[in-house]
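Following the hints, complete the assembly by docking chain B onto the known chain A.
In case you want the letters, here they are:
Protein chains: 2
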Amino acid sequence: MVNNSIAKKNNKTKEAIDNSVKYLINQHGIDNLTIKQICEHAEVSRTNFYYYYKNKDEAVLERFNYIDEYFATIVKPNLTSSNLSENLVLYANYYMKFILKFNVDYCKQIYICQIKYSNSKITSYERPVYKILIDLFDRFKSSNENLKNENSCYLADSFLTIIRGITFNWLICNGNFNLELTGEKLIKIFLNGLL
Amino acid sequence: MVNNSIAKKNNKTKEAIDNSVKYLINQHGIDNLTIKQICEHAEVSRTNFYYYYKNKDEAVLERFNYIDEYFATIVKPNLTSSNLSENLVLYANYYMKFILKFNVDYCKQIYICQIKYSNSKITSYERPVYKILIDLFDRFKSSNENLKNENSCYLADSFLTIIRGITFNWLICNGNFNLELTGEKLIKIFLNGLL
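Sequence lines, in order, name chains A and B.
Residue numbers for the first sequence follow full-length UniProt numbering, so the first one is 1 and each next one is one higher.
Residue numbers for the second sequence follow full-length UniProt numbering, so the first one is 1 and each next one is one higher.
There may be inaccurate statements among the hints.
Unchecked claim - With a straight-line cut-off of 30 angstroms between C-alpha atoms, the simulated DSSO-like cross-links for lysine-lysine are: (1) B:Lys12 <-> B:Lys141; (2) B:Lys101 <-> B:Lys14; (3) A:Lys185 <-> B:Lys121; (4) A:Lys116 <-> B:Lys12; (5) B:Lys97 <-> A:Lys188; (6) B:Lys188 <-> A:Lys188; (7) B:Lys131 <-> A:Lys188; (8) A:Lys97 <-> B:Lys185; (9) B:Lys116 <-> A:Lys101; (10) A:Lys185 <-> B:Lys188; (11) A:Lys131 <-> B:Lys185; (12) B:Lys185 <-> A:Lys22; (13) A:Lys14 <-> B:Lys131; (14) B:Lys36 <-> A:Lys116; (15) A:Lys12 <-> A:Lys141; (16) A:Lys185 <-> A:Lys131.
Bear in mind the hints are in silico, worked out from the structure with no lab data behind them.
All values derive from a computational prediction rather than experimental measurement.
Just chain A, with the same shape it has in the complex (with noise of 0.2 angstroms):
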């Protein structure tokens, strides 16, 4: 019971740090924030901070955590159809999109902060943007001859890379090309040759 309220505590602490994040990122920018603006606007002290994240990078890659909450209550349940190949497309293009809700300086620090705080939690195949991937090649891949004998991990691995890499591609050239044109045209060439 006391195990249960301070987990509860907890949790409400650590929701309003993060909704402060996004709430000061959106206002002024990830360059311009700082751990005591987080504190101040989410009434939390520099302990408390402290004792969820590392620092401010840390803080703002939790909120591209996100993304696993946006792939399992918007894309996972629109994914329906009966073709692997349309699936696909269809995940990476809500992954280009929820991209493109931020801004091209905001994506950067995203990307720069999963390559500075890499770790596990970030690669793990239970996160909904592995899993959903994972399932969906577990689903589909005894019926394609060239995939029935591959790894569903190493299949959603695979695929995650090529988007990572249109992103990534895109962040070097800041922005200048169309993410979800030029991201749709590579990724139905790679499933061209895997699937």
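Here is chain B on its own, set in the frame of chain A:
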């Protein structure tokens, strides 16, 4: 004449800075590197340093541009196969080999700097990493039904996107898989779809 000797002196200064960056990174790692150290080791003034680079990261990024030197002098002369696919697989393998010359943390810094200081120089088709690919596609695409109507710059860009995606994935996995083997398998899937 005067201009020539100024240019020569400038080149020597830049060379000294670049060599010191290389030496000091190998000795102490990037995170511990300071501009003060670089200037002392290169025997140049801070003013001279700032004439060439905005900050430490930009100087580090410049080091990575040696990949162009490597591609122009080592890689290009070896892409002599009469088969496009073979040349592209070899190109990708040389890229991975170059990455593996450095340690994972150094490569992370390079990829972070590429995002952070993304500019038109990094994605210029004049860079040997692009130019060599463009020339390859130009040479072979007329004999391939799928490629003959594609722009060689687009094809080069796409191919580098895949290579960069593989490298990015390797970095966020903290180098915990065989970059060359995994890379080659993915490259072959992509080429299977492209060619």
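The hints, checked one at a time:
1. Proximity of lysine 12 of chain B to lysine 141 of chain B is assessed by CA-CA distance (about 42 angstroms); at most 30 angstroms being required, the pair is judged violated.
2. Annotation: proposed proximity of lysine 101 of chain B to lysine 14 of chain B holds, straight-line Cα distance about 23 angstroms (limit 30 angstroms).
3. Our distance criterion of 30 angstroms between C-alpha atoms is met by lysine 185 of chain A and lysine 121 of chain B, whose separation comes to about 25 angstroms.
4. The straight-line distance between the Cα atoms of lysine 116 of chain A and lysine 12 of chain B is roughly 33 angstroms, outside the 30 angstroms bound, and the hint therefore fails.
5. With a CA separation close to 28 angstroms, the supplied pair lysine 97 of chain B and lysine 188 of chain A stays within the 30 angstroms bound.
6. Of the supplied pair hints, the one linking lysine 188 of chain B and lysine 188 of chain A holds, its CA atoms being roughly 15 angstroms apart against a limit of 30 angstroms.
7. Between lysine 131 of chain B and lysine 188 of chain A the alpha-carbon distance is near 25 angstroms, which keeps this suggested pair within the 30 angstroms criterion.
8. Our distance criterion of 30 angstroms between C-alpha atoms is met by lysine 97 of chain A and lysine 185 of chain B, whose separation comes to about 28 angstroms.
9. For the proposed pair lysine 116 of chain B and lysine 101 of chain A, the alpha carbon gap of about 20 angstroms is at most 30 angstroms, so the pair holds.
10. A C-alpha spacing of about 18 angstroms is found between lysine 185 of chain A and lysine 188 of chain B, which places the hinted pair at or below 30 angstroms, so the restraint holds.
11. Distance check on the hinted pair: lysine 131 of chain A and lysine 185 of chain B sit about 22 angstroms apart at the alpha-carbon level, within 30 angstroms; holds.
12. Among the hinted pairs, lysine 185 of chain B with lysine 22 of chain A is inconsistent with the structure: their alpha-carbon atoms are about 39 angstroms apart, more than 30 angstroms.
13. A distance of roughly 49 angstroms separates the Cα atoms of lysine 14 of chain A and lysine 131 of chain B; the hinted pair therefore is violated under the 30 angstroms criterion.
14. A C-alpha spacing of about 24 angstroms is found between lysine 36 of chain B and lysine 116 of chain A, which places the hinted pair at or below 30 angstroms, so the restraint holds.
15. Annotation: proposed proximity of lysine 12 of chain A to lysine 141 of chain A is violated, straight-line Cα distance about 42 angstroms (limit 30 angstroms).
16. A hinted pair counts as satisfied when its Cα atoms are at most 30 angstroms apart, and lysine 185 of chain A with lysine 131 of chain A qualifies at roughly 24 angstroms.
The structure is inconsistent with the numbered hints 1, 4, 12, 13 and 15, although it conforms to all the rest.
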